[in-house]
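Undergrad: One-letter residues, chain by chain:
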Amino acid sequence: MSGSASAQRPTWIAPLRLIAARIGAALLTLLLVSMVIFAISGLLPGDAAQEALGQGATAGQIAALRHEMGLDQPGPVRYVRWLGGIVKGDPGTSIVANQPVSKIISERLPNTLRLAALTSMVAVPLAFLIGVFSAIARGRRLDRALNVLTLSMVALPEFLVATLAVLLFAVKLRWLPSIALVPQEPTLGEFLRAYTMPVISLAVIVVAQMARMIRAAIIAELDRPYVEMARLKGVRPGRLIFRHVLPNAIGPIVNAMALSLSYLFGGAIIVETIFSYPGLASLMVNAVTSRDMPLLQACAMIFCATYLLLVLIADTVAILANPQLRKG
Amino acid sequence: MTTPSHVDVRDLSVTVRRPDGTLLRIVDSVSFSIPRGEVLALIGESGSGKTTIALSLMGYARGGAVISGQIRVGNASLDGVGPASLAAQRGNRITYVAQSAAAAFNPSRRIIDQVIEPALIHRTAAAPAARERAIGLFRALALPTPETIGERYPHELSGGQLQRLMAAMALITKPDVVIFDEPTTALDVTTQVEVLQAFRRVFREEGATGVYVSHDLAVVAQMADHILVLNGGKVREQNSAATLIAEPQDDYTRMLMSAAQPVVQAITPPAPKAATPLLEIDGIFAGYGPIDREGRPANPVLSAVSLSIGKGAALGVIGESGSGKSTVARVVAGLLTPTAGTVSLDGEVLAPTLAERTREQLRRVQIVFQNADVALNPAHSVGEILARPLRFYHGKTGADARRRVNELLDLTRLPSSVIDRRCGELSGGQKQRVNLARALAAEPDIILCDEVTSALDTVVRGAILDLLGDLRRDLGLAYLFISHDIATVKALCDEIVVFYKGTRVEHGTSDAYAAPPYHPYTELLITSVPELRPGWLADYPYQPVAPVANVTQSSDICRFLQRCPRSRQGLCDIAAPPLRTLENGSRILCHLDTSELAH
Amino acid sequence: MLHAARRLPLSGKIGLAIVLFWLMVALIGPFIAPYTPGAFVSEEVFAGSSGKFWFGSDFLGRDVLSRLLVGARFTVGLSVLAATLACATGTGLALTAAVGPRWVDELLSRAMDTMISIPGKVFALVMVAAFGSSLMLLTLIVAITYVPGNFRIARSLAVGLARLDYVEVARARGEGRLHLALVEMLPNMIRPLFADIGLRFVFIVLLLSGLSFLGLGLQPPDADLGSLVRENVSGLGEGALAVLVPALAIASLTVSVNLLIDAATQGKAR
Amino acid sequence: MTGATSMDVSRRALLGGLAAGLAASGVRAAPSTPRHGGSIRVASIATSTADTLDPAKGNNSTDYMRHYMLYSGLTQYDGQLRGRPGLAERMETRDNVNWSIRLRRGVHFHNGKPLSAEDVVWSLMRHRDPKTGSKVANIAEQFAGARATGPLDLQVRLTGPNPELPAILAGSHFVIIENGRRDFSTANGTGPYICRAFAPGIRTVVTRNPNYWKPGRPYLDRIELIGISDEISRVNALLSGDVQMINAVSPGSVKRVRASAAHQLMETPSGIYTDLIMRADNPVTSNPDFILAMKYLTDRELIKRALFRGYATIGNDQPIPPFHPMYNSNIPQRPFDPERARFHLRKAGLQNVRLPIYVSQAANASVDMGSILQEHAAQIGLKLAVNRVPGDGYWATHWMKHPLTYGNNNARATADLTFTLNYQSQAAMNTTGWHNPRFDRLLAEARASTDIARRKAIFGELQWLVHEYCGVSIPAFITLLDGYDRRLKGLFPIPLGGFMGYTFAEYVWWDA
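Residue numbers (our numbering), protein chains in the order written: chain A, 1 to 328; chain B, 329 to 927; chain C, 928 to 1197; chain D, 1198 to 1709.
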């Protein structure tokens, strides 16, 4: 609470402790998540051996394959073995593709990361601007216009938005490719052309969510007395927002961003499907339909870990941005 | 210097639009002027429009209100100018000190940046010069370590320090007018004196013109040259401070003055003390946070607290914020489990937790909280709020309960029409009455009153105190009455306990607090209360005490040592203070005796 | 209620009107549908508007209006039910966490953190794959997906309320946890929770259409608005009513719910 | 005619008529002269991590296409699903049991190794090893043994007579790989294209094999094979020019493709059908009158018009499509006749029975077929409860497991395969579970027979038996639709599947 208490310890101890606690909680959650994922994936009907061999397989073939895959072991044994593998960075072998899961994922993960990064580069500044401007203009015409804009962005199913974009920009105008297949060594132009539509389709959703949360976070701050005080000091609106309000709203804002950006991983299923983009989400759908448990579990773990990591980063930023938490 | 008046306000009115669309004039044709270098006080109860007037001097109105009339400050006219020129004035020629500096400072920026910001925005000084002036002001405002205090963040500083820092911020641009909006209301009395002293000194040095908004006449009397009394947005009386206080002309002014010194009708002395007191608290240790291996909480608050209250008696508990006085009530009510000690009711030891107490035990001890706004469930009607304890403790339902609810409303002097209203629709005083009525519904033996009058205007406070006195007389209730205001406690209670940092430093009858000797802390509390006479502050003898260096933070030695003006080296900083009984019957925790404390 | 509606700003009134319209359609739609929604009544696919088929025919020559009237019931009904279920469960758990012992709070919060970290669509996907997508299961799965989000909001509300004096007073009176949760706290959470239900409703509508896109939503011949858009999306290029009308229906539903919520919650702030 | 295939192959091969036969089909489909060069991208319906370069594990059209690009079979299909000489110069048999095969000389694998008889023995016999996980293990069970008799000669012995071996061996699963090869991280075949990049679930890139054993072929320099599972996206990709060829265009998208001046549709009537399976092990669904009632209750015209927008061939409750050489055109088409259905139902005494019927997305169009049937059944007093179950796991948990289920059947290369796999009483996938001794006896007789006319007569009778007695209702055969860029030439339908029975790669050329 008081200054004297924090003066006794180095100032970096307090935030470090808080952050360490968050990391601990995240790891615990991840462990729980791993159990849930393992349990849920066990609920899926049919089994990989059956799926792998198809309708025509004989019972002997299936039994042999089940044994080979270790599917005949009891659940807890398989869980511990699997978790051990995950910890060691070896999520096992895809029973469908017959390749190490890590190899399959390593082909897809960069794609997902690239799409997420590009989308964030577009979405974050845009959402930020929309959020800030509508907060400043709260209740006025600009705010209402932006509100309708963000609302209509999420009013339609995303597959429809993406399909419309394809029809317009790829089929009619032929400006952009309809599928996001990037050549092996693309030029900058090819790269941008391939990514434009998936990025826009994803950004539309994320921007709307983020902008609304950023607006809410800023408005919550605008009602606080220090804002009135700043106005009474003669602080102009721009400075008010950027120097006074944002440093205080940074916690909720980064939190909102973390939540939205985590959507770029697991939530990209539809965009990946429409643009035939080989990302992790479609890989996971694939794993579900083919009952490829090791792959399915690894993908799910990546999604959950990403979410937890993003939230952790947001928490850390919030801790560091808040002098009360930063200085104990 | 051609114009005698530096600030000139003519026919100022402020109107707001009510939800139903009708207009409401919250400030009505107010005119005043302030000569250069003088301070005008705006005084009135909440809703009198005093803050609205002060803010309109900056061309600022909250919640879309409309300002009309002529406002001139120095050479600048503020009515009808655009936002840009208003912004140029605000924080530059006219500055503002808010009621709660703790909330008005930006929590995530360093103090110094905030203090010099007006100078930078309005380009009245370059950063180094502004910084230098700020440090000068810090020094003048008697802030500790003026060179480095600005490097801190608001949460690292105390309320009194923040209030002074905000004054420094207001003065940084050498403004024409400084507006003080209840700058000391949220502070403890002892801090208030220090802050007022600092303000006064700096004002004199800077020769600033000021507007001082307050509800407290005694404070205003110290700070202002002129006083303007407001009620319902209208001016009731306007005069020089000395004249107004000496010879108030308006009835309302007189009412304000009398309410500032509460007197409760004489109460029949409590029944002779029975063998067992009604409520006895013995050796309580309590605190908040996780409890460590030795059974001590992370934030210990109370240590070795013992009290007892007889049937129908009223015991007052006073102390500064953080002294642990509210914690006592929470322990008694069972809301907080003590780590050691017992609470007994009629000689019967109460279980430490709520769950283990019987319903009958719970019924007999009721607690009433300070802020009726949050103590009453906004989702329920007054009738529902009062009916619940009736059903819970007495099994009363239906017409029976309805009748009793009406009786309770009568008892607390509330109109029966409020029964179906929700609390949001009631006034502050009415809410506090409902709050009391709910406790009464249980038909308790004792009510724990936690700062029940602190949030109220002086006039309303007087009425509530009267009510409490009457209830006590009529129903034979006992009170544990907690307050930071010694005048209020003296008015209501037979005995008073003074708390300092979780320990009881003095315990005596109300009468014993009329004159010294007291515990040095009690003395500080009592003398810190401003008196209703101009010049009291100037005569105030105490200066903040420099902390004693290198004192081991032992739990045994006097906790007040750091602030004690009477401390003796070699005595107070070595041994634990003994519990001694003074000649007037008060028991104090101090090394000094009656003769040493008497003057 | 009527009084509150009258006090809404214009955007809120428009929102309310459209929401009521869709509720009405959901209630009586199937009874006024001119054709059996599954019947192949038109020889032409993606026919335009005509006296016989107001909104034309779909990709198999079925009547779009009839399918829309029936589909609206699925969308509105399922979403309302799932949103209500999610919020009731989330809020119930949140209240339990707020008034219960610390370890219960800790346990529930951890469990909800776990659930929220699994992306909604992925979770729904796996559950549908595991348990199928009958109406009942779909509702349940979608509801479960949104429980943790509601829990977070409700818990922060409830924990805030639990510290308030009126709850303390009730506790000091000796009231049980049930009373504290249901009588003292819940009524004061209704308004923000209502807003949350509304938002979740919109998310669910969109999640459902996302699921239909992946072939995991309602199974044909039943179709919610999202699957109507999905199954007719090949008509988008020619501007077929079969895709435009249900898309418009979804948009009007989601936007109007949002407008209504915005208006209702802003009214509180003033 | 299928029966003639074996003779055809061996005779013509002996006469060296192979090139002529292939040229004939090429000429018919592509009137102008093929050109070399060009690079196209092809989008198939599905791509997943299950994508494989192992022909034995081929699971869907994308796999089949990929395998035909990279490998060659002993035989190849023509437009009538006959097995034409491929890597096998000739195949000879006297008893339909022992086959001697002579391989083409001078064929090389992509890595330069010359093709030998050992490679073929390995490629065929590996299907019998459970570890291979072959999708056609059940077909391969008839391979009693194979041994090389020379560098380019081998003997294959079957467990029983099968005159259609050449057609069977044209299947993508039986293409020839290198002897001993178990690692399929890359492909080493003798096919028209060489594998350059293979990322399961993402893409396959192949380039022209300059040393392909058919002189002058293939024509394209490069093909990139991808999967776009969403049909709308697939059509969009074609129309936007991002891909030059797609399969599985849905009837609803036909209008859009036709509207594009730059694109064309290829219709391939196929033997693929969705059937209602009435299990013989249930007292109700095995009742002959009930079976007939259901057959008469099937509104084929409506199914063809509404469900397939006309892109289907009406079926006659037996699995051989009208364009098949073995089709028996003498069986009268069964009409939609609710009155007769009512008559049979009454005769069976089952008017008021209530039966669940299982439908699923997994069985193409079954959901709509089920509801149509349900509606008509209700009109004659039969209560069918349509149970819609998820596509995932449908085959393992529902199909054939309830009295009334819908199933899908892929086109088989030969009538013999169709009957052997799904209708013979001993077959593992005897979907209806019926047991007709006459059917079994006739089927065995057909296999042993080398007389084409006799075989056709027997297969005709088998069709009639199924049409009349088997608990299967086959309303329609699906017509497959491929969309392609007009500049792509050399395409003709092969009824086995889209993209010329998946073998388009070596035939198409780019006219630009």
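Since the hints were derived computationally from the structure, they do not count as laboratory data. Keep in mind the model is a prediction, meaning the values are calculated, not measured. All C-beta atoms, glycine included, are put in the ideal place defined by N, C-alpha and C. Some clues are possibly wrong.
Cross-link-like lysine-lysine pairs, in silico, BS3-like; alpha carbons within 25 angstroms at most [to be verified]:
id : chain 1 : residue 1 : chain 2 : residue 2
1  : A       : Lys103    : D       : Lys1598
2  : D       : Lys1452   : C       : Lys979
3  : A       : Lys172    : D       : Lys1452
4  : D       : Lys1598   : D       : Lys1580
Listing some non-contacts, in silico: residues in chain D with all C-beta distances to chain C over 10 angstroms [what the hints assert, rightly or not]:
id : residue
5  : Phe1340
6  : Arg1379
7  : Arg1400
8  : Gly1449
9  : Arg1502
10 : Ala1503
11 : Thr1510
12 : Gln1576
13 : Glu1658
Undergrad: Determine for every hint whether it applies to the structure shown.
TA: Hint by hint, here is what the structure shows:
Between Lys103 (chain A) and Lys1598 (chain D), the direct Cα distance comes to roughly 38 angstroms. Violation of the 25 angstroms bound is thereby established for this hinted pair. Only pairs whose Cα atoms come within 25 angstroms are accepted, and Lys1452 (chain D) paired with Lys979 (chain C) is accepted, the gap being roughly 23 angstroms. Simply put, Lys172 (chain A) and Lys1452 (chain D) have alpha-carbon atoms about 16 angstroms apart, close enough for the 25 angstroms limit, and the pair holds. Taken as a hint, the Lys1598 (chain D) and Lys1580 (chain D) pair is honoured in the structure, with Cα atoms around 20 angstroms apart against an allowance of 25 angstroms.
At roughly 37 angstroms from the closest C-beta of chain C, the C-beta of Phe1340 (chain D) stays outside 10 angstroms, upholding its exclusion from the interface. Against chain C, the non-interface label of Arg1379 (chain D) holds: every CB pair exceeds 10 angstroms, the least being about 32 angstroms. Remark: the non-interface label on Arg1400 (chain D) is consistent with the geometry, its nearest Cβ contact in chain C lying 22 angstroms away (cut-off 10 angstroms). Listed as outside the interface, Gly1449 (chain D) is inconsistent with that label: its C-beta sits roughly 4 angstroms from the nearest C-beta of chain C, within the 10 angstroms cut-off.
Here Arg1502 (chain D) does not stay apart from chain C, with its beta-carbon only about 8 angstroms from theirs, under the 10 angstroms limit. The Cβ of Ala1503 (chain D) does not lie farther than 10 angstroms from every Cβ of chain C; its closest approach is about 4 angstroms, which violates its non-interface assignment. The claim that Thr1510 (chain D) lies off the interface holds: its Cβ sits roughly 19 angstroms from the closest Cβ of chain C, which is beyond the 10 angstroms cut-off. With a least beta-carbon separation of about 13 angstroms from chain C, Gln1576 (chain D) lies farther than 10 angstroms from that chain, consistent with its non-interface assignment.
Distance check on Glu1658 (chain D): its Cβ is at least 36 angstroms (rounded) from any Cβ of chain C, clearing the 10 angstroms threshold; non-interface status holds.
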